[in-house]
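Residue numbers (our numbering), protein chains in the order written: chain L, 2 to 152; chain G, 858 to 1053.
Watch out, some of these pointers could steer you wrong.
Ranges of calculated distance between the beta carbons of each label pair, as one might list FRET restraints [to be verified]: (1) G:895 x L:136: 54 to 62 Å; (2) G:1019 x L:121: 56 to 64 Å; (3) L:129 x G:1002: 53 to 61 Å; (4) L:86 x G:1007: 47 to 55 Å; (5) L:77 x G:958: 34 to 42 Å; (6) G:958 x L:32: 31 to 39 Å; (7) G:1002 x L:145: 43 to 51 Å.
Keep in mind that the hints were calculated from the coordinates and are not lab data.
Using N, Cα and C, we set each Cβ at its ideal position, and we do this for glycine too.
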Amino acid sequence: MTRDELTAFVAEHVPDMKVGTNKQFPECIVNAEQINPLAKVLKENPSTKMDYLFCETAADRKDGFHMVYHLTSSVHAHCLMLKVILTDKVNPVIPTVSNVWHAAEFYEREIFDLFGIRFENHPNLKRIFLEDDWIGYPLRKDYKDDFILER
Amino acid sequence: MDYDDFNDNKELEELQKSGSSVMLSTLEALQNWGRSNSVWPLTFATSCCGIEMMATGGARHDFARFGIEVYRASPRQADVIVVAGTIVKKMAPVLKRLYDQMADPKYVIAMGACAVSGGPFYYNSYSVIRGVDQVIPVDVYIPGCPPRPEALLYGVMQLQRKIKARSTTKEPKAEAPVEDVKATEETILPTQTPTP
Chain L
2 MTRDELTAFV
12 AEHVPDMKVG
22 TNKQFPECIV
32 NAEQINPLAK
42 VLKENPSTKM
52 DYLFCETAAD
62 RKDGFHMVYH
72 LTSSVHAHCL
82 MLKVILTDKV
92 NPVIPTVSNV
102 WHAAEFYERE
112 IFDLFGIRFE
122 NHPNLKRIFL
132 EDDWIGYPLR
142 KDYKDDFILE
152 R
Chain G
858 MDYDDFNDNK
868 ELEELQKSGS
878 SVMLSTLEAL
888 QNWGRSNSVW
898 PLTFATSCCG
908 IEMMATGGAR
918 HDFARFGIEV
928 YRASPRQADV
938 IVVAGTIVKK
948 MAPVLKRLYD
958 QMADPKYVIA
968 MGACAVSGGP
978 FYYNSYSVIR
988 GVDQVIPVDV
998 YIPGCPPRPE
1008 ALLYGVMQLQ
1018 RKIKARSTTK
1028 EPKAEAPVED
1038 VKATEETILP
1048 TQTPTP
């Protein structure tokens, strides 16, 4: 599918989605509660067949945490980027997609560890990189500790 | 080091010149000669400097010309640990243990900006140790990001020079960094009290 076809496909299932401005991938901004059903559709629908979540990450922006999902299909060789903006910067929560793509399990553990975003229904949400006694979420922009030298 | 300082084989040359087969030297000089010409590095690399170190070991630059030859996979058999790459808080205790497991005499080369000072991660990093000398005592620092193989070879030659200058028969002077290392290890490594 082409860029426009992909965004149109997402718009069919999630009417209130917005199209982003990413140049490399077609970008769709959706709401947190829509991500899990949308992920299922994108994976299972024979015309999209997004069977590979090749990147899931987060970014700390002024308007909230951006959850970013990069999908691709090994059948159709097309890519799609989904974005969810979590405006709650203190206690962000989003449903997991690890029931759709198993790879998301580790991505989400990493995001939980470094950004403190909690994933609902994740099977094993615990630290993956940091020590068990770590306090705070180091990739948040407002993170501070005694070790860090700021400039 | 100046080019003219590299006269390692002065004795050999004189032997050849005079046609003699007897040479007088000190035991110390002989020991140092042996030590400095078989410094075996530990197979240890944590990032891109490691690739450069491997290139130095390859045929084009050929580490082995200087006797710093066989990469040992065990710290028990290694003489020098080339810290090639970024050391993070989680890696620091591992590095310290590797260093402790090496048999004396042991040497440390800090290769690249990260190992020297934390380099590009000096500021705004929650995890990178600012210089490997906060964990283990360092003999030779090689700046660069990453240093070219020539720089590593130069650093190795400086280390060999350092080994030759050291006395093997006299009681070595107490090395100051050891105490400091213990102190810094306690103060820097487990400092883990970020604001909640």
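Outcome of the hint check:
1. Hint check: residue 895 of chain G to residue 136 of chain L, Cβ distance near 48 Å, so the stated range 54 to 62 Å is violated.
2. Separation of residue 1019 of chain G from residue 121 of chain L is about 59 Å and conforms to the stated range, judged on CB atoms against 56 to 64 Å.
3. The supplied range of 53 to 61 Å is broken by residue 129 of chain L and residue 1002 of chain G, whose beta-carbon atoms lie about 28 Å from each other.
4. A beta carbon spacing of about 50 Å between residue 86 of chain L and residue 1007 of chain G agrees with the range 47 to 55 Å that was offered as a hint.
5. Take residue 77 of chain L and residue 958 of chain G: their Cβ atoms lie about 53 Å apart, and the range 34 to 42 Å is violated.
6. Separation of residue 958 of chain G from residue 32 of chain L is about 54 Å and departs from the stated range, judged on CB atoms against 31 to 39 Å.
7. Here the CB-CB span from residue 1002 of chain G to residue 145 of chain L is close to 27 Å, at odds with the stated 43 to 51 Å.
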